Amino acid sequence: GAVVSQHPSRVICKSGTSVKIECRSLDFQATTMFWYRQFPKKSLMLMATSNEGSKATYEQGVEKDKFLINHASLTLSTLTVTSAHPEDSSFYICSASRDRNQPQHFGDGTRLSIL
Amino acid sequence: GDSVTQMEGPVTLSEEAFLTINCTYTATGYPSLFWYVQYPGEGLQLLLKATKADDKGSNKGFEATYRKETTSFHLEKGSVQVSDSAVYFCALSDTGTASKLTFGTGTRLQVTL
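If you're matching them up, the sequences are chains A and B in order. Counting with this note's numbering, you get residues 1 to 115 for the letters of the first sequence. Counting with this note's numbering, you get residues 1 to 113 for the letters of the second sequence.
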C-alpha cells in the first residue's frame with residue numbers, strides 16, 4: 001500500500017510554456033503533500049508543502065507565482081510551472097502522507113526539460 | 001538552519017562486503033532521522049528511521065543508530081548484495097514524520113559480483 005503516482009515522468013517543452021505535473025495518492029488519502037526539486041548531484045530541496053483545501057506554504061526563495069500548487073482533493077496535488085524557462089529544468093518529486101505522524105511516500109519524479 | 005552531510009559517492013563494493021555510509025547532521029532541538037533509498041528508475045522509499053537518541057533503526061539487513069553525542073546516523077550493512085545498488089539519502093525532520101524533511105546529497109552505491 002501507500003502508492004504515489006506522479007505524471008508525467010518526463011516532459012520536454014519550449015521556453016515560455018506552462019507545464020503541469022500531477023501527484024496522486026492511489027490507495028490512501030493524503031492530507032499533506034510535498035513538492036521537491038532535485039538538481040544534479042544535489043540533495044532534494046523542499047519547494048512547498050500543501051494541505052488539502054488550503055493554500056500551499058512555500059519555502060523561502062521559491063516563487064509562488066512561478067510554481068503554482070493546487071491540492072484540491074485528498075488524492076491529488078498539482079504543480080504548474082508557469083512561463084517555464086531553461087533554468088527551470090530539473091527533476092521534480094512529490095510526496096504524500098496521511099497525516100503529520102505518518103511517513104512521506106514519494107512519487108517516481110518528473111524530469112522537466114525546457115528548451 | 002538544519003543540514004545533513006553525507007559522504008560523497010559513488011561507493012563501489014563487491015558482493016558480501018561490509019557497507020558504511022556516513023551521515024552527520026546539524027539541527028536545533030531533537031530531530032527524527034531517516035534513511036531513504038532510491039532504486040534506479042523509482043521514487044524514494046523509507047528504509048529505516050530513528051526518533052530519539054540511541055534508537056537503532058533497522059530494515060532489510062541495514063542498520064543505523066541515532067548518536068546524539070556525535071550528531072551522526074551512519075548506515076551499515078554487514079553483507080551487501082547486487083540488489084542493494086541504489087542511491088541512499090540521509091534525512092532529518094524537526095517535528096514529526098511527515099513534516100519538512102531536510103535531505104543530504106545522496107550516496108550512490110554500486111555493488112558488483
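One or more of the hints may lead you astray.
To be verified - Covered stretches of chain B (in silico footprint by chain A; criterion: 3 or more residues with CB under 8 angstroms from a CB of chain A, positions within the stretch not fixed):
#: 1; region: 36-50
#: 2; region: 102-113
Stated by the list, open to error - Only pairs whose alpha carbons sit at most 20 angstroms apart, straight line, appear in this in silico DMTMM-like list of lysine to aspartate or glutamate:
#: 3; chain 1: B; residue 1: K100; chain 2: A; residue 2: E52
#: 4; chain 1: B; residue 1: K60; chain 2: B; residue 2: E76
#: 5; chain 1: A; residue 1: K55; chain 2: A; residue 2: D99
#: 6; chain 1: B; residue 1: K52; chain 2: B; residue 2: E76
#: 7; chain 1: A; residue 1: K20; chain 2: A; residue 2: E63
#: 8; chain 1: A; residue 1: K20; chain 2: A; residue 2: D99
#: 9; chain 1: B; residue 1: K68; chain 2: B; residue 2: D84
#: 10; chain 1: B; residue 1: K49; chain 2: B; residue 2: E16
#: 11; chain 1: A; residue 1: K66; chain 2: A; residue 2: D99
#: 12; chain 1: B; residue 1: K52; chain 2: B; residue 2: E42
#: 13; chain 1: A; residue 1: K42; chain 2: B; residue 2: E8
#: 14; chain 1: B; residue 1: K49; chain 2: A; residue 2: E22
#: 15; chain 1: B; residue 1: K100; chain 2: A; residue 2: E87
#: 16; chain 1: A; residue 1: K42; chain 2: B; residue 2: D2
#: 17; chain 1: A; residue 1: K64; chain 2: A; residue 2: D99
#: 18; chain 1: A; residue 1: K20; chain 2: A; residue 2: E87
#: 19; chain 1: A; residue 1: K20; chain 2: A; residue 2: D88
#: 20; chain 1: B; residue 1: K60; chain 2: B; residue 2: E42
#: 21; chain 1: A; residue 1: K41; chain 2: A; residue 2: D99
#: 22; chain 1: A; residue 1: K42; chain 2: B; residue 2: E16
#: 23; chain 1: B; residue 1: K52; chain 2: A; residue 2: E63
#: 24; chain 1: B; residue 1: K60; chain 2: A; residue 2: E59
#: 25; chain 1: A; residue 1: K42; chain 2: A; residue 2: D99
#: 26; chain 1: A; residue 1: K41; chain 2: A; residue 2: E22
#: 27; chain 1: A; residue 1: K64; chain 2: A; residue 2: E52
#: 28; chain 1: B; residue 1: K100; chain 2: A; residue 2: D99
#: 29; chain 1: A; residue 1: K41; chain 2: B; residue 2: E42
#: 30; chain 1: B; residue 1: K77; chain 2: B; residue 2: E16
#: 31; chain 1: A; residue 1: K41; chain 2: A; residue 2: D65
#: 32; chain 1: A; residue 1: K64; chain 2: A; residue 2: D88
#: 33; chain 1: A; residue 1: K41; chain 2: B; residue 2: E8
#: 34; chain 1: B; residue 1: K56; chain 2: B; residue 2: E8
#: 35; chain 1: B; residue 1: K68; chain 2: B; residue 2: D55
Just so you know, these hints were derived from the structure itself, not from any lab. Keep in mind it's a predicted model, so treat the numbers as computed, not measured. Even for Gly, the Cβ is constructed at its ideal location relative to N, Cα and C.
Now for the hints, and whether the structure bears them out:
{"no.": "1", "hint": "36-50", "verdict": "holds (count 8)"}
{"no.": "2", "hint": "102-113", "verdict": "holds (count 5)"}
{"no.": "3", "hint": "B:K100 x A:E52", "verdict": "holds, 16 angstroms"}
{"no.": "4", "hint": "B:K60 x B:E76", "verdict": "holds, 11 angstroms"}
{"no.": "5", "hint": "A:K55 x A:D99", "verdict": "holds, 17 angstroms"}
{"no.": "6", "hint": "B:K52 x B:E76", "verdict": "holds, 18 angstroms"}
{"no.": "7", "hint": "A:K20 x A:E63", "verdict": "holds, 16 angstroms"}
{"no.": "8", "hint": "A:K20 x A:D99", "verdict": "violated, 25 angstroms"}
{"no.": "9", "hint": "B:K68 x B:D84", "verdict": "violated, 27 angstroms"}
{"no.": "10", "hint": "B:K49 x B:E16", "verdict": "violated, 24 angstroms"}
{"no.": "11", "hint": "A:K66 x A:D99", "verdict": "violated, 27 angstroms"}
{"no.": "12", "hint": "B:K52 x B:E42", "verdict": "violated, 29 angstroms"}
{"no.": "13", "hint": "A:K42 x B:E8", "verdict": "holds, 11 angstroms"}
{"no.": "14", "hint": "B:K49 x A:E22", "verdict": "violated, 28 angstroms"}
{"no.": "15", "hint": "B:K100 x A:E87", "verdict": "violated, 25 angstroms"}
{"no.": "16", "hint": "A:K42 x B:D2", "verdict": "holds, 16 angstroms"}
{"no.": "17", "hint": "A:K64 x A:D99", "verdict": "violated, 24 angstroms"}
{"no.": "18", "hint": "A:K20 x A:E87", "verdict": "holds, 17 angstroms"}
{"no.": "19", "hint": "A:K20 x A:D88", "verdict": "holds, 13 angstroms"}
{"no.": "20", "hint": "B:K60 x B:E42", "verdict": "holds, 18 angstroms"}
{"no.": "21", "hint": "A:K41 x A:D99", "verdict": "violated, 30 angstroms"}
{"no.": "22", "hint": "A:K42 x B:E16", "verdict": "violated, 29 angstroms"}
{"no.": "23", "hint": "B:K52 x A:E63", "verdict": "violated, 35 angstroms"}
{"no.": "24", "hint": "B:K60 x A:E59", "verdict": "violated, 34 angstroms"}
{"no.": "25", "hint": "A:K42 x A:D99", "verdict": "violated, 28 angstroms"}
{"no.": "26", "hint": "A:K41 x A:E22", "verdict": "violated, 24 angstroms"}
{"no.": "27", "hint": "A:K64 x A:E52", "verdict": "holds, 17 angstroms"}
{"no.": "28", "hint": "B:K100 x A:D99", "verdict": "holds, 12 angstroms"}
{"no.": "29", "hint": "A:K41 x B:E42", "verdict": "holds, 17 angstroms"}
{"no.": "30", "hint": "B:K77 x B:E16", "verdict": "holds, 9 angstroms"}
{"no.": "31", "hint": "A:K41 x A:D65", "verdict": "violated, 27 angstroms"}
{"no.": "32", "hint": "A:K64 x A:D88", "verdict": "holds, 14 angstroms"}
{"no.": "33", "hint": "A:K41 x B:E8", "verdict": "holds, 10 angstroms"}
{"no.": "34", "hint": "B:K56 x B:E8", "verdict": "violated, 23 angstroms"}
{"no.": "35", "hint": "B:K68 x B:D55", "verdict": "holds, 10 angstroms"}
Hint check: violations occur at hints 8, 9, 10, 11, 12, 14, 15, 17, 21, 22, 23, 24, 25, 26, 31 and 34; the rest are consistent with the structure.
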